[in-house]
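Residue numbers (the working numbering), protein chains in the order written: chain Z, 234 to 335; chain V, 0 to 239; chain W, 39 to 369; chain G, 531 to 701.
Worth flagging that the hints you see were computed from the coordinates, not collected in a lab. Hints are not guaranteed to be accurate.
[Said to hold, decoys possible] Coverage of chain G stretches by chain W, computed from C-beta distances (three or more under 8 Å per stretch; other residues unrestricted): (1) 584-590; (2) 593-601.
[Unchecked claim] With a cut-off of at most 27 Å between alpha-carbon atoms, the simulated BS3-like pairs for lysine-lysine come out as follows: (3) V:K11 - W:K113; (4) W:K81 - W:K183; (5) V:K8 - W:K183.
The structure presented is a predicted model; accordingly, all values stated were derived computationally and were not measured. Glycine residues also receive a C-beta, built at the ideal position from the N, C-alpha and C atoms.
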Amino acid sequence: MTPLQLYQLAALALLALGLFGLVWRRSLVGMLISVELMLNGAGLSIVAAGQLTAADNALAQLATLLVMGLAAAEATLVLAIVLVVVKRFGHGESQDIFELRG
Amino acid sequence: MQCLDSVRKQAKSLWSLVVGLRVTGDNMLRPQITVHYPRRTVESLEGYRGHVQLVGKPGDPAEPRCICCMMCVNSCPSACITVQVKEEAPPPPDPAAAAAPAATAKADAGATDWSERAQVHGGRLIPKTRDGQVPPPEPPAGADKPAGKAPAKAAGKGEDKAGDKPAKKAAKKAPGVWSLDFTLCSLCGTCVAVCPVDSLEYSSNVYLAGRSREAFSGMDLLARLRARAGAAPTSGEVAE
Amino acid sequence: MNLHTLAKSLGVALPLVQMVVGLVALAAFVGLNAVLLVWMERKVAGHFQRRPGPYEVGPWGLLQTVADAVKLVAKQLFTPPGGDRTLFWTAPFTAFLPVFVMLLPLPWSHTLTAFPVNLGLLLILAFAGLNVLALCLAGWGSNNKWALIGAARAVAQSVAYEIPLLLAVLAVVFLTGTLDLGLIVACQGDMPWEWLGASQPLAFVIYVVCAVAETNRAPFDLPEAESELTAGFHTEYSGMGFGLFFLAEYANMIVVSAVATTLFLGGWKGPVLPGPWWFLLKVYALIFLIMWFRWTYPRTRFDQLLNLAWKWLIPLALVNLLATAVLVELA
Amino acid sequence: MNQTLAAQLLFALYALVILAGGLAAVLARNLVRAMVGLVMTLFGVAGLYLLLNTPFMAFMQILIYVGAVVVLIFFAIMLTRSPAGGEEAKPRAGRQALLAGLAGLAPAAVLGAALLANPLASATRPAEVELKLLGAHLLTSYVLAFELISVVLFIAMAGAVLLGFTRRKGQ
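Construct the entire structure; sequences and hints are all you get.
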């Protein structure tokens with residue numbers, strides 16, 4: 234197994250854990266944590282690909298930086314949404330929040 | 000313009016921070032004002048308010064100036080002072096008059112009529128001055144009324160008023176028992192303030208300590224006065 | 039023994055040996071320094087209040103802190119019932135261990151650096167954020183409302199003050215064009231007017247204010263405000279659990295002062311004396327300043343604290359950054 | 531000690547940290563513990579970044595994720611007031627576990643198979659990119675992405691303030 238494959242497998246493990254958690258978790262914050270895991274996997278995958286192949290190293294790092302920026306923005310927004318949901322429903326658990334259903 | 004004002008205000012408040020630093024910095028550089036206690040002690044305890052103690056007569060430091068007027072007893076908010084007139088004092092015209100208030104003073108101290116006490120307070124506090132209080136044959140004019148009133152009420156007897164004045168003229172009353180329940184005393188100082196003959200003062204005893212509650216529930220101030228008169232004045236005196 | 043020969047005889051890379059030696063030296067320094075700083079704090083506090091401070095144990099009370107440390111070590115470690123045991127005991131280590139990492143890239147002199155990293159400043163800033171996490175875990179694991187309120191305050195405070203701190207540091211990075219602490223020092227001269235603090239006074243002031251807030255020192259010590267929250271996030275800690283937080287606080291003071299020295303006060307540069315002494319002198323002078331603040335200013339109210347950060351420090355730092363960028367571009 | 535061996539050992543260590551942290555982040559009943567698991571994972575990934583010779587990414591990872599995102603998550607946990615107990619603590623149906631496992635494993639299986647089937651040649655010693663080069667890229671060729679991400683961040687912040695804003699009474 235090449236180093237690249239090892240790194241990609243680690244990233245894949247993060248993705249799988251994140252997806253699993255997204256389905257498994259019932260609270261909004263738990264889901265946010267799972268999403269962060271997935272984003273980390275993506276970042277790791279991109280940087281590994283950039284560093285270990287002939288691809289542009291700088292480009293890979295920049296892409297991952299942008300992913301981090303997105304993660305920060307996403308966390309901010311989710312925090313605000315959780316705040317609103319808690320205000321309206323009294324808790325942050327997805328099971329009881331039906332109002333978005335069409 | 001308003002903007003400029005607010006900027007000036009902020010600058011001023013910022014400057015106050017610097018001033019604060021300067022104040023504390025100045026204090027840091029100044030000499031220390033504390034005393035390394037166990038090795039050195041402060042020279043003067045004048046401002047210290049310890050328990051109340053009796054003041055001796057100028058001629059005879061072992062005998063208190065107290066004239067047993069009972070003002071301190073009646074004005075004490077905690078009812079923690081007990082004064083009894085000495086039995087062997089030159090007898091007043093009616094021995095019962097002297098004995099009766101003394102006997103009832105203790106019992107009565109706990110149950111003083113509040114309206115009466117207020118009067119005593121009000122009547123006494125105004126004319127009181129710190130100087131010129133050498134015990135004259137007659138108490139100061141302002142002290143006359145309450146001094147007469149308080150024991151009268153305390154005794155609950157009419158004849159006391161009659162026996163009061165001759166007692167002062169003929170033979171000054173001296174206390175036989177002067178005890179202070181320091182466990183109740185709140186150190187309010189009212190007794191010191193009302194005393195017409197300045198027989199009470201704050202002690203500067205900072206080492207007051209004892210092993211039991213009883214040591215302070217009935218402090219014999221007369222004995223302490225005598226002890227002080229006998230011994231050279233020291234500050235390291237400990238409760239019995 | 040030369041480090042090169044040591045590395046060769048062990049058969050490991052030189053940087054590794056360097057790092058281990060550096061870590062051991064730093065551990066010793068942190069321990070010794072905590073003892074010294076606690077003593078210094080008490081002495082300083084005493085003198086500001088015109089009393090002598092500790093003077094009974096050892097010469098000038100120097101052993102007082104050692105006695106205290108012995109007392110702390112001897113105390114029972116208690117975990118509050120109903121708290122999260124694992125997190126409760128993770129927190130002190132989370133507070134204490136990153137400090138070593140933060141001390142690694144500091145340049146003590148021309149040649150003396152535990153672990154020279156070209157991204158040293160970034161390393162320090164990154165690990166400084168761990169302190170908040172430690173406070174959160176401590177507050178949460180304690181199962182105590184005061185501790186939790188302290189943790190919540192710590193979060194809000196550190197989020198607010200990290201921004202102006204980073205912006206102030208960025209202004210220096212703009213001027214020097216590097217994140218390597220050694221190179222940043224090399225950009226400055228021996229004399230005070232050649233230091234970056236002279237060309238970036240606003241950034242320096244902002245940095246100092248934010249550093250006081252980030253280390254939770256008075257007047258910004260709201261996470262552990264004893265008059266309101268008992269002891270804030272470390273209310274429930276006994277013995278060395280509290281001791282580690284204590285050590286971390288003083289080590290953090292060293293780190294922020296050392297970074298300020300490096301960035302704004304010319305690091306180890308100075309006339310006459312050799313480098314490390316200048317560095318230590320400047321660091322301790324800054325620490326003295328922080329202690330001076332503590333005994334001068336009353337604790338701020340929480341809304342004042344946040345208003346100061348969001349309404350004053352961040353805009354000021356942004357303006358400063360912009361001006362610096364323009365200047366760098368023009369020059 | 532051989533450098534490759536050291537790298538392999540470190541990789542194994544970091545991978546373990548990532549897996550343990552990730553499992554804790556996903557499975558922990560208590561959300562604060564899940565957050566700690568996430569922190570572990572973040573540090574593991576930062577370690578991998580260091581191994582990949584990208585220290586800048588590693589430090590940014592710690593600075594942004596641990597310093598900012600995790601703190602936000604802690605805030606969110608505190609605000610929802612259901613960190614322990616609540617729905618997370620209730621037992622789940624087996625069917626749900628099956629579905630969740632499927633959701634996680636299916637893409638992983640497909641991607642993993644593809645990955646293992648196509649071994650790409652990989653460099654053994656990744657080069658470190660100079661920070662100045664990164665900055666230059668950000669301000670020249672990728673300036674659009676840079677500006678876009680700042681706009682996204684700005685809008686996210688503004689939106690968060692707007693969502694979280696409550697009108698005071700009498701205003």
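Open item on the list: So is the region 593-601 of chain G in contact with chain W by the C-beta rule, three or more residues under 8 Å, or is the coverage claim wrong?
Closed with: Per the Cβ count (6), the hint holds.
Task: Coverage claim, chain W over the region 584-590 of chain G, checked by counting residues with Cβ within 8 Å (three needed) - done: holds (count 4)
TODO: For the pair we were handed, V:K11 and W:K113, check the Cα-Cα distance against 27 Å.
DONE: Status violated; Cα separation ~49 Å.
Task: Restraint check for W:K81 with W:K183, where alpha carbons must lie at most 27 Å apart - done: 33 Å, violated
Open item on the list: Checking one constraint from the list: CA of V:K8 to CA of W:K183, max 27 Å. Satisfied?
Closed with: 39 Å, violated
Checked against the numbered hints given earlier, the structure breaks hints 3, 4, 5 and satisfies all the rest.
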